[in-house]
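The task is simple: from the sequences and hints, build the whole structure.
Residue numbers (the working numbering), protein chains in the order written: chain A, 156 to 583; chain B, 21 to 445.
Careful: at least some of the hints might be erroneous.
[Unchecked claim] Rough simulated footprint, nothing fancy, chain A against chain B, three-plus residues with beta-carbon under 8 Å: (1) 178 to 186; (2) 241 to 253; (3) 324 to 334.
If you're looking for bench data, these hints aren't it; they were derived computationally from the structure. Because the structure is a prediction, the values reported are computed rather than measured. Built from N, CA and C at the ideal position, the CB exists for glycine as well.
If you want the building blocks of each chain, they are given just below.
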Amino acid sequence: MNRRFRDIAYEGVLHVVRRPLRSLLTALTSAIAIAVTVNVISLSFGFEEDIRSDVDLFGRLTVDVGRLPVLIPGARRPSLGPPEARLIEKKLDGLDAVIVPRRQVAANARADGGDGEQRVSFVAAPPAYLKTLNIPMAAGRWLQDDDPDGVEGEGVCVLDAAAVGLLFPDTDAESDIGRVIEVDVAGTKRRHRVIGVLEDPLRYRELFDAFDEGRGSRTLTSSLLSFRNVYVPETALGDGQFTGISIAMPSEDALEEARRRLLTVWSVDAGDPKSLLTGGVGVFVRKDWMDALAVSTRQGTLLGNLVWVIIVIVAVIMISTLNLITVRERYDEVALRRCEGARRRDVALQITTEGVLMSLVGGLAGLPIGYAGAALLRHIVDFPFRFEFKYAAAATGVAILLGLFASVLPARHAARLQPARVLGRRLR
Amino acid sequence: MRLSSALALALRRLRKRPIRSVLLLQGTIWGVAVAIFPSAVIQGTREAALTRGSQLGADRIAVAADPTSANRSTVQRSDLNDVRRALSGDGFEVSAIGGVSVVHTVAVPGDAATEPVTVLKSTVGAESARGLTLAQGRWLAPEDGVTACVVEAGVGAALGRPGLAPGDALTLPGWTDELQVVGIAEPRSARIRRTNDLGFDLDHAMYKNMAQAFLLAMGIPLVRDDWKRSDRCVFTPIAGASQTDEVDWMFVRVGSGEVSRAAEVTRDTLARKDKAVVTLYPLVLPMMLGEDIDRFAALNLAMFLACLLMGAVVMMNLGLLSVLTRSREIAIRRSEGATREDISRQFLGEGLLLSIVGAGLGCLLGIGLAQLRVALEPVTGFTWAFPTREATMAVGVALFIGVLASLLPAVRASRQDPVRGLADE
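Written out as C-alpha cells, the structure is:
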C-alpha cells in the first residue's frame, strides 16, 4: 500500500468518525440491506444444498424400471414380472448391477393395540434392496434371507423413520425395535415385528408435508420415495407381477451403460413428459430426477433472490443519494483539497473509501441482525435457514460491493468539480 | 401556522426537486408494496376459490386406477357408494358423485385436428360431478334407458346440428343406438376448458416450461384426458344395475378447500378394498385456503419493516442534511416572525407528505406486483383483490414511521439560532 493511498484512507476514516450520526445512519441502511442478504442467502442457498444432499441419500446410482405414471384409462397393462427381471439380468451382464425387484401396495397400518390408522407403503423386497439406497440404519438391522414374511403367523419388518414417527409418535427409534405393527393388506390383518429402522432422508419433512398438496395424486411407484414405507421380506406379497425393479449400479459410467442397454428394451426415458404419454414400461434414472429436483428448487428460490436483488438495488440507490448529498455539502473541502494538489482520482478514491468503509461497518453490524431475524423467522415459520461462515463472508462481500456501487456517482461528481468555480462563488 | 399551510409549503418543495423526492420515497414505496402484494394475491385467490369454486373445479376430485401398481385395479360402481358413505361418515358434504367410462369417439366431420365427440357411459349424477350446469332439459335419471343422453354444449355445433334441443334424436357415426337428447349443459368458459384436474392452465407458458416437469418429478402422473376439456361429451347411462360395472373415472365434489382431505379418505377407503388409485384435484387452491400459508405472513412482515426502516433512515438523514443546507431559509423565516413550532411543523409536514405520497405510490406498485404474479401463475383461479385491511395497516405504519423519522430534523431545525443562520452567509 503506498503512502498516498494510506493518507487518503486515513482522511476517509477521519471523516466517517467526525460525523458519527450521519455515518451511523448510512451504515444502518447498509446494515438492513445486509441483514436481508444474510436471510436470503442462508434461505435459498442453504435450502438448495440441503435438498441436494438429502436426495443423494435416495440412491444416485440407482435405475428404476417400472410402469409409466400415465393415466390412459382402458390401456393395455404392460407386464413386469420375473421374465422381465431375467431379461434385465441378461442385458446388464458384466456391469456388476444389483437387480432388485419389489412388490408394493398402499396399506393402512397401526401400532399393535394402538388405534390411529396410518397410510404407509407396504414394500416386499429382498435383502439386496438396501443397496439401491444410501440411507443408513438408525437402529436394528436390515432384512435377511430367512426372515419370516408374515403371511402366516408373525412376520418381521423394517420401517422408515417417518413411518416410525407415524406409528410410534412418542418413542425413539432404538426403543421401537421389537414392537409389533398391524397392517391391513388386501383385507387381511398381518402382524409384523420391527427389527430395524432406516433414517429419514428428508430433512424438511414437516415443511414439505405442510405444502405437499400433491401427495394424494402420487402414483404408488413414486410414493416409494416419500419414505413412509414398511419393508417386509420379498415373499410377503406373493409371486406375481412386480411393482418395479430397482437396479443399483457401481459407478456413473456403469449407470450410463445400463441406461443405454435398458433403453434398447423399453424405449421410454421417464425424464421426458412427451415420450411418457405412450404409456407402457419405462426406464427412470434417479440421478436425472435428483438433478431436475435441484433445478426446480433453484427456480423456486429464484423469487426469494429476486426480492433480495430489489432490496439491494434500493439500498444502493439510497446510499448513493445520501453520499451524493454529502458530497454536495463538502464542495468547499473538495475544492480546497484540489487546490492543495490532490488529483481528481485522489478525490474519487477518498469518497469511495468512505463509502465502502461505511457500508462495510454497516454490513458487519447487519450480520448479527440478519441472523437474529433469520432465527426469529425460523422459529415462526419453521423454514430451513442455514447459518454458515461462508454465507456471512458472501454477505460481507455484498456489503463491500454495495459501498462501491453507491460511491460511483458521488465520486464522479466530486472528481468533476471545478475548484476555481466553487471557491470563486465562495469568495463572491 | 396551520398544518395545511405547512403541507402546502412542503408540497412546493417536493415538486421543486422531483428526482430527489422519489429517491427519498423509495423505502416507503417498496415497503408498502411488499406489504400489500402477497395479501392481494392470497385474498383474491381465496375469494375466487370460495365463491366460484365449482366453476374453477376447486371442489372436484377425479379418481382413477393407479397405472403403476403391480396388479390392475379397477374402479367399480360399488366403490362409488362406499366412497360416498365413507365421506359422509367423516363429515364431508358430498354434493355430487359419479363415474364415467370413455366408450366411443366420433371425429368431427371436416375437422380432424380438433377434439372428437366423446361418448361416455356414465352413472346417474356424473354430469354434475363433472361440474356441469344444466342449460335445457334435465340430467340423466335412474329410469332412463341406454338411448337417453345428455350432451355438452359443443356437441351440437361439432356434429353440424347447432340447434340441438331436448327431445331431438341424435345418431352418431359408429354408434348403434339412436340417442334421445334429454338435456343440454351450459358451455364452459375458455379458461376452464384449458384447465386440467390439477387446476393448471395447460396453455400457460409457465406450466409448459416449469410446472409440468416439476409435477412429474414429484411423482404426479400425466393424464390423457382431453375429452374433459372438449365440451363435446355425450353422457349415456350404463346399462343395467350391476355393481361390478367398471368405470374409468370417478368424480367427487365436496366443499372447496376440503378436497385434499376428502381425497385422502377416498384413497384410504379404496386401499381397504385392495384398490390402488390416484386422486387428482386442484393442488394450489386448497393450499391458498389453508392456514399454513398464513405463517409466511411473518416473512413478509419482516421484509416490510426492513424496507420501511431503510426508508426511514434515508428520510431522517436527508432531513438532517436539509436542515443544514436550509439554515438560511430557516433563519429568514424565523426573523419574519415564524415561531419554533412553525419551523418544526414545517419539517414534520414535509415528512408526513412524503410518507403519504410514498404510501400511495407503494399501493400502486403493490397492485402492479400482484398483477404480475397472477399473470406468471399457471394455476387457473389465481387472482388478486385489494387487501383493505393490510393496506390500511401498511399505510398507517408507513405514515407513523415517516413522521417519526422527520421528528429529529424538525427538532434540530427549530433549535437553530436565526442570528447565526443569517450571519453564516
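Structure-based check of all given hints:
1. 178 to 186: Contact hint for the region 178 to 186 of chain B vs chain A: violated, 0 residues under 8 Å.
2. 241 to 253: Answer holds; 5 residues pass the 8 Å Cβ test.
3. 324 to 334: The restraint on the region 324 to 334 of chain B holds, since 7 of its residues have a Cβ under 8 Å from chain A and three suffice.
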